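Peer 1: Could you put together the complete structure from these sequences and hints?
Residue numbers (my numbering), protein chains in the order written: chain A, 3 to 490; chain B, 65 to 182; chain C, 7 to 657.
It is worth saying that the hints were derived from the structure and are not from the lab. Where hints are given, some of them may not hold.
[As the list claims (entries may be wrong)] Partner residues aside, some chain A positions facing chain B, computed with beta carbon under 10 Å:
| id | residue |
| --- | --- |
| 1 | I8 |
| 2 | V23 |
| 3 | V34 |
| 4 | F35 |
| 5 | V207 |
[Claimed, not checked] Keeping only pairs whose Cα atoms sit at most 16 Å apart, straight-line, the calculated EDC-like set for lysine to aspartate or glutamate is:
| id | chain 1 | residue 1 | chain 2 | residue 2 |
| --- | --- | --- | --- | --- |
| 6 | A | K42 | A | E141 |
| 7 | B | K176 | A | E109 |
| 8 | C | K560 | C | D572 |
| 9 | A | K42 | A | E109 |
| 10 | B | K176 | A | E39 |
| 11 | C | K556 | C | E466 |
| 12 | B | K176 | A | E112 |
| 13 | B | K175 | A | E443 |
| 14 | B | K175 | A | E112 |
Remember, it's a predicted structure, so these values are computed and weren't measured experimentally. Beta carbons: idealized from backbone N, C-alpha and C, even for Gly.
If you want the building blocks of each chain, they are given just below.
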Amino acid sequence: MEPLQIPPVNLILLAPLLTVVGWASALLLVDVFLIPEGKKKLTGYLAIAGLLVAGLVGLPLWNVSGSTFSGMLVLDRYSLSLTWIFVIVGALSIAMALDYLPRHGIEQGEFYPLIMFAVAGMILLAQGTDLIVLFLGIEALSITLYILTGFAYPRLTSEEAAMKYLVLGAFAAGFFVYGIALVYGATGTTSLAGIAEFLGRQTLVAEDQTLLLAGAGMVLIAFSFKTALVPFHMWTPDVYEGSPTPVAAFMSVGTKGAALAALLRVLAFAFEGVQAYWLPVLAALAAITMVVGNLGALGQTNVKRMLAYSSIGHAGYILLGIMVASERGAEAFLFYLLAYALTNLGAFGVVIALEQQGESVWSIEDFAGLYQRRPMLAVAMALFMFSLAGVPPTAGFMAKFFIFTAAYEGGLGWLALVGVITSAIAAYFYLRVVVKMFMQEPAREVQPELNRGLNADIIIAGVATLLIGLVPTPFIFLAQQSLVALGG
Amino acid sequence: MLGAYLPILVMFLIAVFIAAFVIIVSSLLGPRRSTVRKLAPYESGMEPIGPAIRRIPVKFYVVAMLFIVFDIEVVFFYPYALVFRDLAGPGLVAMGVFFLVLVVGFVYEWKKGALKWE
Amino acid sequence: MAYLNWLIWLIPLLPLLGFLLNVFVVRRERPAGLLASGMVLGAFVVAVVAVIGLAGLPAESRRIMSTGWQWISTGAFQVPFGIMLDPLTAVMVLLVTGVGALIHIYSIGYMHGDPRVVRYFAYLNLFITMMLFLVMGNNLLILFLGWEGVGLCSFLLIGYWFERRSAAEAAVKAFVVNRIGDAAFILAMLAIFASFGTLNFYDVEIGGVIQPGFLERIPEILGRTVGPSWQPIAVATGISFLLLIGATGKSAQFPLFVWLPDAMAGPTPVSALIHAATMVTAGVYMMARTESLFQESLATQSWVLWIGALTALIAGTAAVAQWDIKRVLAYSTVSQLGFMVAACGMGAYVAAIFHLLTHGLFKALLFLGSGSVIHGTHDTQDMRRMGGLRTAMPTTFWTYLVGAAALAGIVPLAGFWSKDEILAHALSHGNWPQLIILFLTSLLTAFYMGRQVALVFYGEQRDHSYHAHESGRVMTVPLLILAVGAALGGLMNLPFSIPGGHWLSDWLNPVLHEEPGEFNLALALLATAGAVGMGYLGWWVYTRNAARVKVGGKDPAYRYTGDIWDGMEEAWYLDAAYNRFVVAPFRALGGFLARVFDPQGIDGLVMGIGRFFTWVGGGVRGLQSGYVRTYALVFTVGVLLVLGFVLIFTR
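Peer 2: Written as structure tokens, this is what we have:
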């Protein structure tokens, strides 16, 4: 038996990830030992600081790239850009939660480290180049989210949501593991590069082909569950509705983004050779996701559920970018992710501002006449709604335009058509919120509560939504730069 | 080829033998004095008839979870003990990190009062 | 003329400044109105200066391009945030800012005392900004920015009086119907980008690099086709057809015109500005701008022609049978837009733009006049409750008469010249069917205007529950100015070969490359005689039968036409048809999907399957709870489909 060797490890490449994990672990202890009850906001501020530090730690790594842990983890600009997006998403979600938690009587210091752990899982997904590592990332993300979903435990819907998410999540995880096993059986490796090399080197015998396709299909299914593609989306509205609103906001952009980012890597590198098999599957999933997501949102009167369906629809649009195996597609994907993340966080921020203590109904009626009471808040919400609907000059329009052009150029014209038509339909339900805010008298007395964290969140999101729409070039440049090293 | 798995087969047989031995021997040697208590399906005092879903104090779950933490630790440490010398310094550091993570969780639980029974 | 490069930015930016100030700073009515009007007036002055500067250039170099910044820059995909001023844009800018300024001023009087008036002026200024971006953009994306922007402002302003339930509904309807056109527009942009690699209209030089423009590269796509081999579609046809659908939405053409009559729920100055003079002409402007693309597709051109002509006729008949003073004008607007679109279809783009300009003047006048009537009769809109108002509101009456005569096409008012140019073009190019349709429509136009004037201003006042009075100076002065415009607007493009006669034709020649239209004396005489005759007939019928018009009663003409009249009143039931065949099934589908896919309302199909499985797995029933089983079931179905596809279908 040859002696075991520990492979050389370059921890520098994992600096942001390690910062987040280390900070979160330390914060967990600091929280229980040092921070008294009632001052838990301090934990939140520390968590935001940690995420920002992690983002800053990433800055000098822009020109560094490389892989470590025997090629299981990689640092490139793609993962680094995603890391920054996730860090921003995490920080904004925490900012939203700072006052939300005490207002709803569910303030626990653990909330903040948990969000950090979830962010760590997301970064792992962005950096992972091995199916096992990706599984690790997905589980790290999921397990924290199961807890976070049930965080509003005095409310029954929150517990129910957590239970549903857990049961179905475990179901999906099973598919992932089984898929990995089958892929390993076919190719003898779980590394993305290894699989790609194997597929490029030789033609498979029939049995291995079956194993590989079944495995790839199962991995795809697991990712589809995480990104809530139809028909693996059933949990989404319930879970978003039940979970604390900042968590729903976090999930709607963070989880989705991380899973899609990993999916891009898996499909574009490992399974590029069998594109002919997964492309039709993914195209069908994207099409029904866009249709069902947007049609499902039509009938909703609960804003949280509406946003849940909207996020399902948007996952369909983002998928377009992933499918087009071109640089333009990946660029459009990153750009869309950024634009959508900021817009959606802003929209959830406004929902939180309107959410009353102990209420579990997020009725669209609460938005009635918002312009009379809080003009700025209403204008911001209108901006987010128009961005989600894809009206220029907002970020959402630019993003949709990029995605559709990429799809059109990549030979997926019919999907671009489905996208344009469904987004035309989508305008209707986003517009309903605007109609309520600007064209109705207040239905009942809802006093919007704004505070520092929420204000910061809404202002950042609003400015970014406009800025990305008006001056998208730097952001596109960033997305382009992020893909420079992705080739390897 | 299969010869490599022989020890496992032997272990299986030993396990089956011990289980069977204990049951058979006790039934052969034990005295039989039936009482109502003894004829009950569960001698532990559990009511055999009642609602299928019953409340169990959450404390048990906490203990179960704590057990898993240490179980995993043991699962990881045993093989490590075998290759302790091969891995040398870097291995020690890696296990240290692993242990540290466990300790963080353990300290957190302790402080949270998960170890208090009442 | 370097100063023009920055000067033209002032045109859209002044109203934008007004919008921002009104949103964030101004809180009281009076400064809001003055600020908004002042900004638009300022934009008008700047526009005049800029156009004079433009006219000073030699004809072939009259195109000022100015780039603010590179909006999108990603490899081959380059879109500048740039605006331009060329002869076509110039006339549109003058119309938008000129008429816009008058309507702003008028609004100060009309909206006096309204509780949310600051918001109103903010919306109006935003609208002017967006409209200016629409006509000034030097690429399709800026045009689309303005296109969506004006749609948004239109939506906000239609729903401005949201206390009236109809207003909010009309606003949503307008937006949703427009989205259909917008979707086609986006697809057209994608197709143009895929075909030409650019969205610029003309070559733009940025930082010494020349970015191509697609309007100058039309020959590249000639002969290229898309679609299946058994039914190839020329690329030019595909793109121009998508653009046409976009135009039918915004310019309220058949089959998408249903939103415009409902849009009259907005304040009347808004109807004048947005739903008559400017926004609804955006489709015509867009087709004129991309004229070289349309010209390459005979198929699309005949669609354009027929859609325009049919819209003109359908809306013309509908306008005859309306009671609401504004709905008459709304259908009339749709009908006149049909004239413009038909002119585009014939290739008579100058005539289309000419009619667009004159129509902007006299229709704004008519709407403002009707606003003055509504104002003076304390929010009465039903013409059955009016009558005999000419004595109470003389200024309104006389200016309205000028507008009505101009619309009816009576010599020598503006409408006569522009309408005649379209008809003459149809005649000289042998478009007989369309000529007949358009001629009939112009007769109808004269008839319904005669009817309206008679119902509103002649006879006796039929409802005495209000005391009619003339509007204040701030409202009548814009009416007078517009009346002068409506009377003299025809001078822009007289069909005679006198110096300055074809001014508009010559001015637009560098963009539209068209020779001046011919004049056909016989047609002109016939049209005039028809207009005068039908106008008089309309007036005569409704003054003679004034006593038969009862509040809430039927039209005197109903006796003779019966069901036809009902059909006209409902615009041939297009709305009802949409409700029946589009809206209702869509609702049903949405409801169905919500039931099937939305877990809250699970029953029927999915529940049935769920029960089946529960029954099958009866033994484990106790382990399952809630609806998770259904989710897992759907999940499993998805798994089977995905794996089934990869493993079986790909064999």
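Peer 1: For each hint, tell me whether it holds in the structure or not.
Peer 2: How the hints compare with the structure:
A distance limit of 10 Å between C-beta atoms decides the matter here; for I8 of chain A the minimum to chain B is near 5 Å, and the interface restraint holds. With a least beta-carbon distance of about 9 Å to chain B, the hint placing V23 of chain A at the interface is held under the 10 Å criterion. Restraint check, V34 of chain A versus chain B: the minimum CB separation of about 4 Å is within 10 Å; hint holds. For the restraint placing F35 of chain A at the interface with chain B, the shortest Cβ-Cβ distance is roughly 6 Å, inside the 10 Å limit, so the hint holds.
Because the smallest distance between the Cβ of V207 of chain A and any Cβ of chain B comes to about 22 Å, over 10 Å, the interface hint for this residue is violated. Of the pairs offered as hints, the one joining K42 of chain A and E141 of chain A is violated, with about 27 Å between alpha carbons and a cut-off of 16 Å exceeded. For the suggested pair K176 of chain B and E109 of chain A, the alpha carbons sit about 15 Å apart, so the restraint of at most 16 Å is met. Simply put, K560 of chain C and D572 of chain C have alpha-carbon atoms about 10 Å apart, close enough for the 16 Å limit, and the pair holds.
Between the alpha carbons of K42 of chain A and E109 of chain A the distance comes to roughly 7 Å, so the proposed pair stays at or under 16 Å and holds. Taking the CA atoms of K176 of chain B and E39 of chain A, the gap is about 13 Å. The hint holds against a cut of 16 Å. Between K556 of chain C and E466 of chain C the alpha-carbon distance is near 12 Å, which keeps this suggested pair within the 16 Å criterion. Restraint check for K176 of chain B and E112 of chain A: the C-alpha separation of about 11 Å stays at or below 16 Å, so the hint holds.
The hinted pair formed by K175 of chain B and E443 of chain A fails the criterion: a straight-line CA distance of about 52 Å is larger than 16 Å. Taking the CA atoms of K175 of chain B and E112 of chain A, the gap is about 13 Å. The hint holds against a cut of 16 Å.
Consistency note: the structure conflicts with the earlier hints numbered 5, 6, 13.
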